[in-house]
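Residues per chain are reported as follows:
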Amino acid sequence: MIELRNVTKLYGKVIGVNDFTLTLKPGAYGLLGPNGSGKSTLLNLISGQLRPTLGTVLVLGESPRNNAGLFRRLGYCPGSEGLYASVSAFDWVRYLQQLQGMTAHEAGEAAEKALELVGMTQAMHRPISSYSRGMRQRTKLAQALAHDPDFLILDEPFNGLDPVGRHELTAVLRHWIGQGKSLLFASHLLHEIESLTQSFLLICGGRLLASGTAQDVHAMMVGLPNEVALRTSDPHALAALLLREHAADSVQIKDGLLTVATPQPGRLFEQLPGWLKASGLKVSEMHSADESLQELFNSLMKLHRGEL
Amino acid sequence: MIGNVNAVFLFEWKRALTLPRMAWWALLALFPVFIVGVIRFSMPSEEQRVMYPIPPEQLRIFWAFMLYALIPMLVSMLGTLLWATPAISAELERRSWVYLTVRPNGGTAVLLGKYLAAVTWVIPAALIGLTIAVPLADTGDGWRMWWTMARLVCLSCPAYGAIYLLLGTLLPRRALVLAVAYTLIFEFVIRIIPAIINKLTVQYRLQALLVKWCQLSLSDPGERPSGVQALIRIGDEPAWQHVTILLLLPPVLLLIAVAVLRWSEFSASAESDV
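Just so you know, the protein sequences line up as chains P and W, in that order.
Quick note: the first sequence uses our numbering, first residue 16, plus one each step.
Quick note: the second sequence uses our numbering, first residue 451, plus one each step.
Just chain P, with the same shape it has in the complex (with noise of 0.2 Å):
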């Protein structure tokens, strides 16, 4: 679906996109990265705004920049909001619609269609300046989705929306997905993006930190200091344990959580059952990097940024 051969992009000394190397069949992905990390700069190589200043970026097999018959099979959301303020959803979309080779009748069926799929029927004649943020981020998946592309790009497009809003519109995606189409997701926030693929890749500074499932990511961590937060019958007294055992580098104790960052996760997770066994302590409570994505990404970033 995406194929990035040694991709560069820079910006005058700036470096956007820095040897980017990436095959991605169809599916759906997370683009995952923090902000300024070059998300908004892959995507628009990939919807080919940009061209790459070295490399190759090819998109369903074919060169993105000014290619008319991919943007006929591509669905983009950006970042950026770039609403006409006077203009009505529906006007706006349908006008997007015939600018993609729909009839003015075929681009207003397709316009209601989908401002209807992401709930915006009551208010789709309504001038866009009365939008709220929410409406507003509807209105943009509405014209990604209106004719019914193959690929879909979404930059962040749960911004600004409600729980409800983003439960609607995780349903409306999740429904995409499952119609084999293909998506890319771009988020700096995890749990948005593992609400609709486990498939993910991680950005910072404009190369790519890490590509696969959670799980994937998982198996690169093992032996990588963590942090694990535990919540025990005696935090100080299991505090006092783990650095005896020289199983944590450094511990905080707050609100009754113990936070332990452990140079060696794996021979935490292995002996600390023993370990409480032997001392009679109890743990009602553990968030590792073994459930969390967030941690995963922490430590990525750390090694990353050479402080591991």
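Check the hints yourself; a few may be wrong.
To be verified - Selected chain P positions facing chain W (in silico; Cβ < 10 Å):
#1 112
#2 114
#3 146
#4 155
#5 158
#6 162
#7 168
#8 295
#9 298
The set of hints was computed from the structure by calculation and includes no laboratory data.
Model, not experiment: these values are computed from the prediction.
C-beta: ideal position from N, C-alpha, C; glycine also.
Since chain P is already given, all that's left is putting chain W on it; use the hints.
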């Protein structure tokens, strides 16, 4: 592709039918009428002219240049400058450009559709202003004056629209500054330089057509021209040559603008939002 251009054209026209934009349009149409009215009613009366007679030909030349300066020049230039120049920059500032360019030939359709919208927006304003201003001026040959100016408007608007659109495509972030600089330096200053370079300006062509179509006798042979006539430099080219160049200019410039557009990168995220 034609359908896409048509969609942009109609969408832009629909967006233009708002009160503030209509007010601007009316201002553009009525400004020449106001100036002509002020001049007309501050001119000496018939009785005063008996004492200080003005030759009718001089009066006709004066009105021809005044109407030309106000309508095919000012209204056409200003109207297209304000409409065609920000074709891309307005979308970039609004961050809506990316939505348009991920469509098949979207950028080209936007460029051409906006160009057509700008030209068809300015020409009616100029013609309405002209239709009111000519009888008000009482030039003595109203029909010829109107017909000449109308043809000049229909030649100048597409030409200036294409020039400003190209400038806006070349440098969208500084489009208006570049367009104003071009107008002042090229169309006003270089136009009056007595060298071959002035033939590259649109004004050279339009003024030559004005003189020919209105049959203005600028000065007697051997007489030194004065006033505004001194600034008018007309070559020996036939009218058809000027018309052909003015008709060819828009498609050539639009083709260049489309080529520039397809080559350029206009991503709003550049640098600021890596």
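Verification of the supplied hints:
Evaluation of the residue 112/P hint against chain W yields a held restraint, the C-beta minimum of about 9 Å falling below 10 Å. Checking residue 114/P against chain W by beta carbon gives a least distance of about 4 Å; that is within 10 Å, so the hint holds. At its closest, the beta carbon of residue 146/P sits 15 Å from a beta carbon of chain W; the interface hint therefore is violated under the 10 Å criterion. A cut of 10 Å between beta carbons decides the hint on residue 155/P: the least distance to chain W is about 8 Å, and the hint holds.
Against a cut-off of 10 Å between C-beta atoms, the interface hint on residue 158/P holds, since the closest Cβ of chain W lies about 7 Å away. The interface hint given for residue 162/P is met, as the beta carbon of that residue sits about 9 Å from the closest beta carbon of chain W, less than 10 Å. About 9 Å separates the beta-carbon of residue 168/P from the nearest beta-carbon of chain W, less than 10 Å, and the hint is met. Annotation: interface hint on residue 295/P violated; nearest CB of chain W at approximately 53 Å, more than 10 Å.
At a threshold of 10 Å, the smallest CB-CB gap from residue 298/P to chain W is about 43 Å, leaving the interface hint violated.
Of the hints listed earlier, those the structure fails to meet are numbers 3, 8, 9, in rising order.
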